[in-house]
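Undergrad: Chain by chain, the residues:
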Amino acid sequence: MTTIPLVAVVGNPNAGKSALFNMLTGARQKVGNYPGVTVERKAGRLFLPDGRPIELVDLPGAYSLEPSSPDEEVTRDVVLGKQDGERLPDALLLVLDATNLDNHLRFALQLIDLGLPTVVALNMVDLARRDGLEIDPQILERELGVPVIATVAVRRRGTDELREAISEAVTAARVVRPRPVAVEDFTIVQRRARAIARKATISETAVRRTTQLLDSIALHPVAGPIIFLTIMFLMFQAVFAWAVAPAEWIDAGVVSLQTMATGTLNEGPIRSLLVDGILAGVGAVIVFLPQILILFFFILLLEATGYMVRAAFLMDRLMARVGLSGHAFIPLLSSFACAVPGIMATRSIEDPKHRLTTILIAPLMTCSARLPVYTMIIGAFFPDRAVAGAFGLQGLVLFGLYVAGVFGALIAALFLRMTVTRGTPRGFLLEMPKYQLPQLRDIVLGLWQRALIFLKRAGTIILVSTVVLWALLSYPQPKAGETALESSIAGKIASGLEVLVRPIGFNHEIALALIPAMAAREVAVSALATAYSIDAEDEAAAEQPLKEQLRGRWSLPTALAFLVWFVFAPQCLSTIAVTRRETNGWKWPAFMLGYLFTLAWLAAGATFWTATALGL
Amino acid sequence: MSLSLDKLPFRTPAVVTAIDWSRLSDTDARRLRNLGFDEGVAIEALHGAPFGKDPLAIRIGRMTVAMRRAQAQVIMVEQKAA
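Here the protein sequences line up with chains A and W, keeping their order.
Under full-length UniProt numbering, the first residue of the first sequence is numbered 1, with each subsequent residue one higher.
Under full-length UniProt numbering, the first residue of the second sequence is numbered 1, with each subsequent residue one higher.
Isolated chain A (complex conformation) (with noise of 0.2 Å):
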């Protein structure tokens, strides 16, 4: 049997390898993660122009054999055939940025060094056009001693040159070995490197001129902040306004379903662990998923253009100041949407203490999952009036809420940097792209990876965790006299957690409510709302809208108290669990629960006297 030939796409950062890597496998690609470390495997199939297969896997940028973080270790493990759930690429397809070839070269230099079958892609060559720079491939080639082909990858230039060279090279029957990297004078590769692009360019004006007018704008001490803090605005107000009719659909599809299950399936265990279980916890959870794809959208757009850098750069100072530096900017702007692809996103962040610190703050930015519960409880207690002429009161509330959430975060960080994961303050080193137009394709496919990833996860983690909390609620079932939720397990932990929550204001309801939604912070509303309906002494008091209900029950200072514990509990399953993996151990998810609910509970309970010694 012969396996499929592998080919490996290596190259700098910024070589716009991914979209050269989508153009040639186009939407068949798997995305998984190497063995015992989180870094992304992304594999795909090319076809050879005689229609043979090929397996191509692109591996995470990097700038030379020397690792400086996890992703370019897995890299370097690949190109020598040491990596873990990788056999030896028969091939390396290394993509240099014309515009940046001094610096990319090195990089090359080092790889051609290994002696596997290598073809190189001068890519973004309509770009350094762009910049006045004009750059012989048939020079390059002569010098490197391997096929150079100019291509243009969001614009499918150079394809098939590029295939039928990678044919040739996967073709010799050879069996090659790495050699050994010389332990080269790093600056000697340097200088050839650099001695290689003079040559092979063949005319220079200046420099990068379109990427350095934008950055004048864009870096600006007036402008700057202001572009920064629109586009932010842009994108939140976006991510609200656009999702509201696709989460309406995915609802009703929920709904419908339900209603489907409960007509065809009798009555008993089975059917309740379906429609209420099953159908109600996944649905509570895939209701997000419109939000989450648009804060995405943004994301990959911003990050498409070279904006992003941009961000970080303009977020480090007031970054340094908690002990972190614009590297954790992305991965928090994520977890407004959901703390798990934030949290997944640190992996970019090179200090082992910078990412862990950064992964435990990630819980503290307001997700969406957290609306829901903010909008029942604003709404039921703050009347929709305008406050000081122009900002409706429930609005500013809720913007407070989110202003808690970031400065919880920032006094959060500065505190773990000074005792848990204190160390040396880093730098903040960081290569900023040259601007570019983003391409459709790269977007959406960016989001549809992000969307299975999102709808494998509550297919199984959130599918779970629904499951047994259904079995908490469900069982043991009620002796007579009895409410389901009194004699269930989870109404027996209710009751030993209200003697928790009773100083700050909580009733047991609310402790019956915070169990389930540890599930998923949303499923607290509709806790509650099962709690109050059982509850409710006749029909009439049963079919009162929540809020109403919520406005009868509960005092103010109680529903203050709730709205800030949110802010702060760390309650999402899926949350812990992503921090297991990315940490790889108990240890920091179990701080995490720690300290988060430590600082929950505090904080609620200060806000419930507060608001009681005040009289509200």
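Just so you know, the hints here were simulated from the structure itself, not pulled from any lab data.
Careful: at least some of the hints might be erroneous.
As the list claims (entries may be wrong) - The calculated DSBU-like cross-link candidates involving lysine-lysine, where the alpha carbons are at most 35 Å apart (straight line), are:
#1 W:Lys80 to A:Lys199
#2 A:Lys353 to W:Lys7
#3 W:Lys80 to W:Lys7
Keeping the supplied structure of chain A fixed, place chain W upon it in accordance with the hints.
TA: Below, chain W without anything else, positioned relative to chain A:
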């Protein structure tokens, strides 16, 4: 006249004359080398972040790199003759 990169006026082309690698952590030194910092390379300070002009956006070769002032201190540069 030699001066450290954080003192270099914006938009003034210069050349790296020396880098005090010993004042950098191993990771920072490796990253700086990986980004192409080396003696004899053309360099220019392009922008400073609002509020305190820190971090800096530095052009090195044909690439722009963000770095903090504290890191720029170890890089000695010489202005090109006008």
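Undergrad: Taken at face value, is the distance from the CA of Lys7 (chain W) to the CA of Lys80 (chain W) at most 35 Å?
TA: Between Lys80 (chain W) and Lys7 (chain W) the Cα gap is close to 15 Å, so the pair holds against 35 Å.
Undergrad: Sort out whether Lys199 (chain A) lies within 35 Å of Lys80 (chain W), counting only the CA atoms.
TA: Status holds; Cα separation ~23 Å.
Undergrad: If you draw a straight line from the CA of Lys353 (chain A) to the CA of Lys7 (chain W), is it 35 Å or shorter?
TA: Roughly 30 Å between the alpha carbons, so the hint for Lys353 (chain A) and Lys7 (chain W) holds.
The structure shown violates none of the earlier numbered hints.
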